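*Asks:* This is what each chain is made of:
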Amino acid sequence: MVIQKEKKSCGQVVEEWKEFVWNPRTHQFMGRTGTSWAFILLFYLVFYGFLTAMFTLTMWVMLQTVSDHTPKYQDRLATPGLMIRPKTENLDVIVNVSDAESWDQHVQKLNKFLEPYNDSIQAQKNDVCRPGRYYEQPDNGVLNYPKRACQFNRTQLGDCSGIGDPTHYGYSTGQPCVFIKMNRVINFYAGANQSMNVTCVGKDVGACLDPSSLTPPKPRPLLLSLTLHFLRSPITGSSALPPRDEDAENLGNFVMFPANGSIDLMYFPYYGKKFHVNYTQPLVAVKFLNVTPNVEVNVECRINAANIATDDERDKFAGRVAFKLRINKT
Amino acid sequence: MGQAGSDSEGGAGLRVKPALPGTEGRQFGGRAAPKKWARQRKTLEIYSVELSGTKDIDQTDKGDGKEKYRGLKNCFEPKKNHQREELKKELDLDDHKLSIKELEEKYGTNFITGLSSTQAAELLAQNGPNALTPPKETPEIIKFLKQMVGGFSILLWIGAILCWIAYGIQYSMNKSSSLDNAYLGCVLALVVILTGIFAYYQEAKSTNIMATFNKMIPQQALVIRDSEKKTIPAEQLVVGDIVEIKGGDRIPADIRLLSVQGCKVDNSSLTGESEPQARSSEFTHDNALETKNIGFYSTTCLEGTATGMVINTGDRTIIGQIASLASGVGNEKTPIAIEIEHFVHIVGGVAISIGILFFIIAVSLKYHVLDSIIFLIGIIVANVPEGLLATVTVTLSLTAKRMAKKNCLVKNLEAVETLGSTSIICSDKTGTLTQNRMTVAHLWFDNQIFIADTSEDHSNQVFDQSSGTWASLSKIITLCNRAEFSPGQENIPIMKRVVVGDASETALLKFSEVILGDVMEIRKRNHKVAEIPFNSTNKFQLSIHKTDDPNDKRFLMVMKGAPERILEKCSTIMVNGQEQPLDETTAAAFHTAYMELGGLGERVLGFCHLYLPADEFPESYSFDVDTMNFPMSNLCFVGLLSMIDPPRSTVPDAVTKCRSAGIKVIMVTGDHPITAKAIAKSVGIISANSETVEDIAKRLHIAVEQVNKRDAKAAVVTGTELKDMSPEQLDELLTNYSEIVFARTSPQQKLIIVEGCQRQNAVVAVTGDGVNDSPALKKADIGIAMGIAGSDAAKNAADMVLLDDNFASIVTGVEEGRLIFDNLKKTIAYTLTKNIAELCPFLIYIIVGLPLPIGTITILFIDLGTDIIPSIALAYEKAESDIMNRKPRHKKKDRLVNQQLAIYSYLHIGLMQAVGAFVVYLTVYAQEGFQPGILANLRVEWENDNVNDLEDSYGQQWTSYQRKYLEWTGYTAFFVGIMVQQIADLLIRKTRRNSIFQQGFFRNKVIWLGIASQIIIALILSYGLGSVTALNFTMLRPQYWFVAVPYAILIWVYDEVRKLFIRLYPGSWWDKNMYY
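Heads up: the protein sequence lines correspond to chains C and W, in order. If you're matching positions, the first sequence starts at 1 in the numbering used here and goes up one per residue. If you're matching positions, the second sequence starts at 331 in the numbering used here and goes up one per residue.
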């Protein structure tokens, strides 16, 4: 009545394994004879070869449906995002005035970033366009290729151009320049034929500056996310309703280049990497003049354009950008 | 004690074979039977004679009983010592040897006044109630927890814990880190808990069926306490109580009988022997189990009354001890449980090894350990078919329901399949193979044997009824019979009517009612003036009637009984209606017929009559049965009639089906070998052309020892022979003979037979009904209890209950079991396939660095959403070929999930699905701006939330949320890709060998329901919840739903080709490697 399990000794197990690996009686290697192995290998060779061919074929067919110069769909890019330079790990610009090394990397990056904007290069490659108007280059049935781009000269950035600037974009003096750019979107007529500009404010947005909420909502069960939302809403409300001036005060004054932070219509529309080879993205430079030192200041810059919404709750970078600024002085 | 009584009793769970004798109780007040006969009637013996009846009865009374109990002891010998000791102690019981005085002293009671209430209350508190402790049940919470950690649950728990660990690490590094991993952990835990609850619920539901089945009618006992007769619940009986029992009662405890009036008991629930046994207050045997002055708990008092003293209650009774021993027999794992375990091991092994392999790869690719843990979670979740075990449970319970409709009630869900893999069935005879009712099978008159119709409804009696002899014979049959129909059954078919009377008389009554019409009316017309009922010394029954012919003033004396006794009294014999002198040739003819019918295992009765001359016996003549003032010789012999408990008409067919299904049917019966063999032959357990050693010896006229045993295919083994066999001899017997009948076996020997069969590596099904069968039922791979005749203990020990006690139901069970095994294969193959399509994204994500193609939550939506109904739908698939024409599967070779199934699902179809789903995913990305070339190694930038100007193939720049949304669209695309190909997968899994067109494209409607559910769930997820991005689904452009269709078609065509080659080249390399 007791179930008796056949206990195998260790030696037997080894023996069985040996026989499995190579069975001299049946000439089987790992349970198969040579021919069987050959068949199997041949089969998988053919099978996977066929599968690869099938994959290649379908991919080729699929790629026929996409054009080289414009993507088939752009529904996700209705609102271009904003981004800052210098690009840092956590969207924070931290400057230790006395410690050159802390900002030197920013300066290096900016130098490299602004190099294509040098007036000489711009003059050489790009056109001088009429401001206040879209620079349209329609195909009119024939591919108009490559397309011309408008000049954005580095000198337009004024104090932030970094040309012959001993202060290194103001980093050495604690008056740093931060460059704001708008994401390229093909065939996007930013501003809808009206002028647009970038504005920045110092803003303590409480929960918004919580890095987790800066990130877009991630996969989470509906119920949980709702609960979370419910739990969180009072915090958001309390911090959002009476806007605290602390950050605005700490931010102090700033100047923008080009003046008013305006972006000209002539840089639009963008025709894509392939066609618009020398396209130069317009920039807005913000020079912070008297940031309260040793305090982390939250800055938010947004674009004011007729056709760019900046209040997307999920996408915190749609038409705006938030970053932290800290000037450490001893 | 009547039939009606026994039915209700049966409902209460006690095994009661329809009362063979002993209808006397009911007849007491009934007909005009002279009162002075009453006492005599009470001691009536079973009314009819077998060929070697006397010998058999002797055996039963003397030898057999002892053997039985010895068998009982033997089979429990390997048990734990203290249990054996307990049984021994019980056997040493000496209460039966004590006199009433001694007993009164011992138990402090009084035979007249009984116990006092206070005494009784004390004893009750001391010994506990008089009820069997129900078999130890696993506490519900343990069952529940088992579901929580069984199968894949462990893997998912690991996944959940890893999630929480990952979150813990994140949290310790950054207090405000995202809660995603914590949520995922919760979701995984929730999945485990929900599927656990579901499986538990399913199990509980099927157990509940049994619970309602087992509901017992509370039993009452008539007890003398404080000098008063009281009716109390039997549970409250205590040792020393004086109880009174009467015919029809169930004996409420083990009692020592003190005074007895014609009491007979049916000990079948204890011994399996349905012959009623007389009880008396005298000590007749040293062995407590055999002495006549002890009545056993849960046996039935058939007739008479008795007063007794309770000597044992509850678990200390004999039955209680057997029941507790049965629960000690280990319940073996069901074959399907073993298969599922095997399958879980395979999948779990694959999951863990791939997980660990890629963990190492990820770490060596300089991934962060945290990321590597998250990869590991993804791999585990992708690899584990979360919904499968729930699906299997549902599938099994669907089959269980289907079987319940066909009268197989399955107690243990897994037993559904066990029947399908059964290779040996040890079947009872009475009730299972036979109709459990005596029926007239043959008649002999006019020197000729006639065959009577023994089918269930008797409708077709074709023998010659024109002879004058038949007229006389039918008159004797009708008149010399004390059985009567219970009143008020005019509308019920004759064969179903309840009869008051013993088995043989019932058979004769129904037989004559069918042929002649209203028997009661005939009896009324032929008024009975005197009667001698059957008794074992006379071995005949006689009655004297006025005839219904008004011109004939003679009395008719009719008589029936043991043929040889009847013949002795005769001097003439009726042939063709004419009386002829009984000479030697006719006597010889009689003997030949008698031997022949006896040889068929039938009970033979002889009939004779005599018209008493009117001058000697005028109308006013007063017959005295005590002085026998009428002639008892020179009667006229009319004919013979033989009866048998005929096989159920469905059984021969069922046995043939079992044969062709490669199942060996072994008959195990307590009946006489000749009867057993006859029934075995008539149902095909011993096929027409096979012979036993004895048959060969007889045919060749040589001694049994000289016969070459190899020549015989069949064997009839008696319990006595079995007892002397060593296990090796039994093994030899079981392997060498394909057709075996065990006769005169005690129920305990069943256990020995079952163990012998299991040593042959067979999956053994056992049928049984008695308490003593319960160890065998437990020991068997699948124990089948009889729903009507079965005792509670048997039903408790069994895995399945046959509601109609019909062997043919077992065959349908086998068919269902085999079908479910095949269909589970299909279900598992279907479910496993998409695991590769879910796994590949993670592997490629780790190695190539694409944006993640499918999220963990999305995988759960496939496994627990779209795939659930389709995989259940496969359970409704019809068999591909005649599953009853192949051998039972080999326990160790024909696995549920074999190498071929795993390889074909994983490396063939699964890979195609993965490729197809990737095509959909890449299409979505390419058309949104990220062409395949740019995707490689994009992962780090892509997932960095602070990179909000990531460039695509066209120079456009994306914020992290825009990318995230695209990633979710990718998940949805991949999900839809898998879903579309799973439809193809579902269709190809309909068959394993046949073309889908052979199987019938639309035959299984549920499949189409499954496909519809798949599509609808996907549509809801994408469009209904598309705006709630919390679930990671987005609205997918309609055209993307069709991108994977070419691959779906490819899958279908590929599988058709595979099946075609399998059919074309059976046994080829292709067949061996591609058939699962």
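Keep in mind that the hints were calculated from the coordinates and are not lab data. Note that the structure is predicted; figures quoted are calculated from it, not measured. One thing to keep in mind: the hints can contain errors.
[Stated by the list, open to error] Quick list of the computed label-pair ranges, beta carbon to beta carbon: (1) Leu42(C) x Trp487(W): 40 to 50 Å; (2) Phe29(C) x Asn1324(W): 30 to 40 Å; (3) Lys324(C) x Ala1342(W): 26 to 36 Å.
In this text, a Cβ means the ideal position worked out from N, Cα and C, and glycines have one as well.
*Asks:* Enumerate the violated hints, using their earlier numbering and listing them in ascending order.
*Replies:* Hint 3 alone not satisfied by this model.
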